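Student: Given next are the chains, with one letter for each unit.
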Amino acid sequence: MEASGVPPDAPPLLSIVGLSKSYGGLRAVDNVTLEIRRAEVLAVVGDNGAGKSTLVKALAGAQPPDEGEVRIDGKVVELRTPRDAEAAGIGCLHQGLGLVDALDVPENVFLGREPQIRVLGLIPQLDHRTMRERTIELLDRFGIHLPRLNDPVSRLSGGQRQTVAISRLLLQDVRVVIMDEPMAALGVAEGHRVLDLVRSMRQQGITVLVISHNLEHVFQLADRIAVMKNGRLIGVVATAETTREAIVRMITFGQTH
Amino acid sequence: MPSSQAIVASSAIGHADRRWIFEGLGLTLVVIALALIFTWINPRFATATNLINILTQASYYIVIAIGMTFVITSAGIDLSVGSLLALITVVGFELIKEGLHPALGVALMFAMGGLIGAFTGSLIAFVKIPPFIATLGMMAVLRGLALVHSAGNMHYGLPPSLTWIGQGSLAGAPVPVVIALLFALFGAWLFNHTRFGLHVRAIGGNREAARLAGVRVNLVEVLVYTMMGLTTALGGLIMIARIDSTQATIGTAMEIHVISAVIIGGTSLFGGRGTIYGTVLGAILLSMMTNALVIAGVDFFWQLVVMGVIVLLAVAISNLRERRISVLAFLLRRPGGAAASQGGV
Ligand SMILES: Nc1ncnc2c1ncn2[C@@H]1O[C@H](COP(=O)(O)OP(=O)(O)OP(=O)(O)O)[C@@H](O)[C@H]1O
Ligand SMILES: [Mg+2]
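Residue numbers (the working numbering), protein chains in the order written: chain V, 1 to 257; chain H, 258 to 602.
Next up, chain H with everything else stripped away, as it sits in the complex:
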């Protein structure tokens, strides 16, 4: 069977569906085009320092958005990431300031992220609370706890071993960017090449079919939110190490930013299909937008407005993209249909 062999041979290239490769290329072009436009508006945008700044800023969003890609692909959502990040960082920061060994402090932050994520996942998988509601509740609970812990307190002054994670450089590249890049590679591997990634896509695509096929749907779901918590801890660590401070209100509206990055990247809001590459680009695109707005002197509140509009646009475009096929078919069929009806008359 020559054709069978051809199929096997083509698998060596990768197993991704072609349409998604095209979409990834398309988004890459959009990011490049936007960068050119911003540069044209204000040449300061394209300086090396500014571009590195954008990537550094994108780094923790990339990390957290990768966790969110798994969540959304599993047909879930997590609104509590900003609150979780606040709670983890204020607690971790304070303990480290009080003399806890930085390595232990970091371990504790990850443990908190993982455990709280697992708890949220259990609410969803076992108590059957819809993800939107469960994480909305957790968003309030965790923010409340962060405020109880250190309302009005600004924590600052981390040991250099930790600020290096946010401010240092490795072979000329900022450490956060290196971490984000490595984590993205890991995330893409996990998503496309492991049993866990496949099961996440399966439960997001058709939970009942996945269950009947023997996938441990509840376990996978708990793991997805556990991973979300762990990535939030990693993102939070990079963030506080970079700005060397944290407070109970940190990460407010972060869920919007992170979810937007995932959706702009092309991950389906209905679950089942996602792309880590798209998510990384989405996060970079958002950081570019934010940066351009800052350079243009637009303040945070308006940035939020712009961000919201971008999300709505991204969803609208992705819906249109799905429908475009039938619109095209409709346009192509019309002359034929008209001719047929003429023939009929």
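In isolation and in its complexed conformation, chain V is listed as follows:
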């Protein structure tokens, strides 16, 4: 039902072609070719060590692949640094969140793209005020209220930290959002807000690639499901045309039927 919103013949927004990445002798991602359509939610599932995060890191410019290329709108993009990915309109939530414990909430939310004001119209200085106000706005969208934004995020709970990390995605002007285990540490209510967020992103035409071990979430969210095993892409299936049992079989045995 949800999948019907996506025209089946839409050109792929993001294509990954023949992507490989090895760590020493280990092929963590092995010749993966995958197309992600405009405004779809694609879930990537697979056992621990299947290569999901490695794939994400390649798309985020965090760890350039050994081989293969990434195209957006049919054009090849070079993703050598996280800045390249941002410039290409890719926003990313990494597994383990990637917050800096010692920094406070607004500093974490805005790290790497801080708004500045000019003192005496000349000298750039951090715009702490804007950072705080926008942070509060973003957290309000999750219904999260943090008593002290000034505290280092090391003093926040796991779910609060995760919300901070996710709010980073909402700052950027993104076309593709990649989330590696976004719901992992969240309570039921916060988890639902992330699900809602993902759906609203799709409505805004944002393409979402989400990685999760939680098949219940995956089936609620995804238009299609891609299964990885031992670095290889086993298959991609439309959520409406598959069952949990079939996906589990693919994850464990690498079988498509």
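Mixed in with the good hints, there may be bad ones.
To be verified - Estimated spans, in silico, between C-beta atoms of each pair:
1. H:W559 with V:G158: 43 to 53 Å
2. H:L577 with V:G158: 26 to 36 Å
3. H:V405 with V:R71: 56 to 66 Å
4. V:T130 with H:G425: 41 to 51 Å
5. V:H213 with H:G565: 45 to 55 Å
6. H:G283 with V:V236: 51 to 61 Å
7. H:F383 with V:N230: 29 to 39 Å
8. V:S157 with H:N475: 32 to 42 Å
9. H:A553 with V:S154: 40 to 50 Å
10. V:G25 with H:N410: 53 to 63 Å
Stated by the list, open to error - Far from chain H by the CB rule (all over 10 Å, computed), these chain V residues:
11. Y23
12. L26
13. L34
14. D66
15. R141
Stated by the list, open to error - Partial selection, computed: residues in chain H whose CB lies under 8 Å from chain V:
16. H450
17. L455
18. G462
19. N463
20. R468
21. V472
Hint data in this document are derived by calculation from the structure and do not stem from the laboratory. Quick caveat, the model's predicted, so the values are computed rather than measured. Virtual Cβ for every residue (Gly too), placed ideally from N, Cα, C.
Add chain H with the ligands to chain V, keeping to what the hints say.
Tutor: Quick look at chain H with the ligands alone, frame taken from chain V:
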């Protein structure tokens, strides 16, 4: 949302974390208490001349320790500051004595400090040599070069335009103190209110997260050591202008003094968190100690011993301070825990 507004309003006061403000206050009280104790032991300590003397002496340590605050906050360390100071000052001093225009001589000292700092930073950021080892190596290299340049030579006799920097006064205050104060204000602004300062804290706190967020971690790291070199040049300039002399062995054991000031000030040795205000107080505290020891007739070698003990104490106290929370929690929980186990039995 009234609470949201309250948060925004409170941001006008400043963005610093409360706990750090309390720690800054605590250290201020310690400095005042120490001053009172020293005065009680020997009233000569509290004369205006002596207090000004302490601040003047602290001034170049303050300047260099501010550079070191950035380095340590970035999860680095710089052991080569004393050697760098020696090399910069012997070379600069000699060229100025040989007739180089003082302004050019000073510019050259800063250029040397910045370039050598950038080199050290590159060893750390690009060649991936751990800061401790990279700067240990640089410490030997630079001291060696200073000795090659002028082993056994004592340089003295700067033009008055330069000695003014170390000995002159501005509106009744010693020039070095004025420079140190202005530089501390600049340092605090840079640390807390600029992108550079934020990125330094970010790479010290979690380098990988900073990189993923788009921070140019290598560039920031090189800049941190470049700044360290520049502050060493400034500190060295004030120092030689004040004593109107330099030699290849100047600044020996200076890294201990500077690193101690930073740690006593409360900057985390593990990176990510630091305080310029604390560093300034730490440097003043050390100068007070040194001064009190001198007044008491304790010689330099024993001063070094005392300094070392103070550093160890400072680190021990800061570790205890971190743990105090759980110790307190433990003490508070104990009766409840005992009651629970009684209830269980
Ligand atoms: N930096 C690294 N150095 C060496 N090997 C790595 C590195 N990162 C990942 N690997 C290896 O690559 C393989 C794929 O890892 P990856 O993190 O992509 O798995 P994953 O599918 O995200 O697993 P999980 O579900 O546990 O997060 C694993 O075998 C892992 O041990
Ligand atoms: Mg993973």
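Student: Evaluate each hint against the coordinates.
Tutor: Hints, one by one, checked against the model:
In this structure the supplied range 43 to 53 Å holds for W559 (chain H) paired with G158 (chain V), their Cβ-Cβ distance being about 51 Å. A hinted range of 26 to 36 Å holds for the C-beta pair L577 (chain H) and G158 (chain V), which are about 28 Å apart. At about 58 Å, the beta-carbon gap between V405 (chain H) and R71 (chain V) stays in the expected band of 56 to 66 Å. Roughly 43 Å separates the CB atoms of T130 (chain V) and G425 (chain H), a value that falls within the hinted 41 to 51 Å.
One distance hint, 45 to 55 Å for the beta-carbon pair H213 (chain V) and G565 (chain H), holds here, with the actual separation near 52 Å. The supplied range of 51 to 61 Å is met by G283 (chain H) and V236 (chain V), whose beta-carbon atoms lie about 60 Å from each other. F383 (chain H) and N230 (chain V) have their C-beta atoms about 35 Å apart, which keeps the hinted 29 to 39 Å range intact. Look at S157 (chain V) against N475 (chain H): about 33 Å separates their beta carbons, and that is inside 32 to 42 Å.
Distance hint check: the CB atoms of A553 (chain H) and S154 (chain V) are about 43 Å apart, consistent with the given range 40 to 50 Å. Distance hint check: the CB atoms of G25 (chain V) and N410 (chain H) are about 59 Å apart, consistent with the given range 53 to 63 Å. At the 10 Å boundary, the C-beta of Y23 (chain V) stays outside the reach of chain H, the nearest C-beta of that chain being 16 Å off. The non-interface label for L26 (chain V) is consistent with chain H: the shortest C-beta to C-beta separation is roughly 20 Å, beyond 10 Å.
Every CB of chain H lies more than 10 Å from the CB of L34 (chain V), the least distance being 22 Å, so the non-interface label holds. The beta carbon of D66 (chain V) is kept farther than 10 Å from every beta carbon of chain H, the shortest such distance being approximately 19 Å. The claim that R141 (chain V) is not at the interface with chain H holds, since no C-beta of that chain comes within 10 Å of its own (minimum 12 Å). Proximity of H450 (chain H) to chain V holds as hinted, the smallest CB-CB distance being about 5 Å (cut-off 8 Å).
The beta carbon of L455 (chain H) comes within 6 Å of a beta carbon in chain V, closer than 8 Å, and the hint placing it at the interface holds. Restraint check, G462 (chain H) versus chain V: the minimum CB separation of about 4 Å is within 8 Å; hint holds. For N463 (chain H), the interface hint holds, the least distance from its beta-carbon to any beta-carbon of chain V being 4 Å, beneath 8 Å. A distance limit of 8 Å between C-beta atoms decides the matter here; for R468 (chain H) the minimum to chain V is near 7 Å, and the interface restraint holds.
Below 8 Å, beta-carbon pairs count as interface contacts, and V472 (chain H) has one with chain V at about 5 Å; its hint therefore holds.
In summary, this structure violates none of the numbered hints.
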